[in-house]
Amino acid sequence: MSAVLDAASWVLLVAGGFFCVVGAIGMLRMPDFYTRVHSASVLDTLGAGLILLGLLLQADDPFVAVRLVIIGLLLFFVSPTATHALARAALIRGLAPLLGARPSKRS
Amino acid sequence: MMFAVAAAALLVALALVVARALAGPTVFDRLQAANTTGTLALMLLAVIGFLTGRPEFLDLAITYGLLNLVATMAVLKFFRFGDLGTPGEGS
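Quick note, the sequences are listed as chains U and E, same order. Taken in order, the first sequence gives residues 1 to 107; the numbers are from this note's numbering. Taken in order, the second sequence gives residues 1 to 91; the numbers are from this note's numbering.
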């Protein structure tokens, strides 16, 4: 049982770390503010959620598990709210999205 | 060991996001990077709490998450209206 839990925890933690790194690379490489918001939301939801699930499998104290669930709910509601407010503020402020024909060659 | 792997991945992601915060052309890029940095620091606190066998760090992580939202909203309002005392958009 413990070995199964450890294996599942390994998979979840490594997948969460992978999505965190992928989201961070996207934030660095994407061409536009709005696309960067998109990749940051990958990091906020999938990466953080998978890592929290992996930690939750390793929690032996019920209070620790409750705290992890509280952190998960907090992230689940707060980070889309902050991201939405940011994108809306940028749009109202007049930051134009990158539209139009895709350049034929991007470095 | 698995916590060390997760912490290493989070540190790499943190370095990349801080690079975006330093390089971001607009203030919204920097704000988004600061918000993501807060999320990553929260996750890093939780993982380090498990890594060192002290889950009390999770309380700090909860506080950090709440402060992160307040800070983002305050800075966002300041940059949108130029003042923290304006009542908002109305509706």
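Calculated from the structure, these hints are not laboratory results. From the three backbone atoms N, C-alpha and C, an ideal C-beta is built for every residue, glycine too. Keep in mind that a hint or two might mislead.
To be verified - Restraint-style ranges between C-beta atoms, simulated for each label pair:
#: 1; chain 1: U; residue 1: R93; chain 2: E; residue 2: A71; range: 13 to 21 Å
#: 2; chain 1: E; residue 1: F79; chain 2: U; residue 2: V4; range: 46 to 54 Å
#: 3; chain 1: E; residue 1: T26; chain 2: U; residue 2: V69; range: 30 to 38 Å
Each hint, compared with the structure:
no., hint, verdict
1, U:R93 - E:A71: 13 to 21 Å, "holds, 19 Å"
2, E:F79 - U:V4: 46 to 54 Å, "holds, 49 Å"
3, E:T26 - U:V69: 30 to 38 Å, "holds, 36 Å"
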